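K.L.:
Just so you know, we're using our numbering here: the sequence shown kicks off at 24 and counts up by one.
Please note that the accuracy of each hint is not assured.
Restraint-style ranges between C-beta atoms, simulated for each label pair [claimed, not checked]:
1) MET77 / LEU103: 35 to 41 Å
2) ALA112 / GLU79: 48 to 54 Å
3) ASN78 / ALA106: 39 to 45 Å
4) ILE53 / HIS74: 55 to 61 Å
5) ALA101 / GLY137: 50 to 56 Å
6) MET77 / ALA112: 49 to 55 Å
Rather than coming from a laboratory, the hints here were simulated on the basis of the structure.
Bear in mind that the values here come from a model prediction, so they are computed numbers and not experimental data.
Every residue, glycine too, gets a C-beta built ideally from N, C-alpha and C.
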Amino acid sequence: MLQHWWSGQQEDDTTTLAIVECQPNEMRGIDDILEENDRLKRMLEFAMASHVIMNEATNILEDGANIGMKRAEEVVDAKLQAAEQERHALALQLEEFREQLSDKDHEIERLRDGFGTNPHPSVCYT
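With the hints as extra help, turn the sequences into a complete structure.
P.N.:
Listed below in structure tokens is the structure:
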């Protein structure tokens, strides 16, 4: 019955949860009571089957979301690790450049000191 309902082939007694009111003074026959009982049983079966399907669908969606999150975390972790390695390599390169700059500064100072003092005071440089 539920498969028929989901595919659009709804049965009248499963499309709504109609409330059946009985007037206290109204006498109902046993056939009417049994018919109503059967209708309510079918509605209950439909509701239970729908509940099971919705629970299963929810579990499937949660599992898919968990898999997607795990993949996203793995990608982010890999990119973070690559960025940290690149930062470390750049820090080493920066340190090398600082050492080279310091060496060049010392060389400039040494050259400046060499040209700033006149080794022959009697000779005048112009």
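K.L.:
For every hint, state whether the structure bears it out.
P.N.:
How the hints compare with the structure:
1. MET77 / LEU103: 35 to 41 Å: holds (38 Å)
2. ALA112 / GLU79: 48 to 54 Å: With Cβ atoms ~50 Å apart, the hint holds.
3. ASN78 / ALA106: 39 to 45 Å: holds (41 Å)
4. ILE53 / HIS74: 55 to 61 Å: Violated, at about 31 Å.
5. ALA101 / GLY137: 50 to 56 Å: Holds - the Cβ-Cβ distance for ALA101 and GLY137, about 54 Å, lies within 50 to 56 Å.
6. MET77 / ALA112: 49 to 55 Å: holds (52 Å)
Going through the hint list in order, the structure does not satisfy hint 4, though it satisfies all others.
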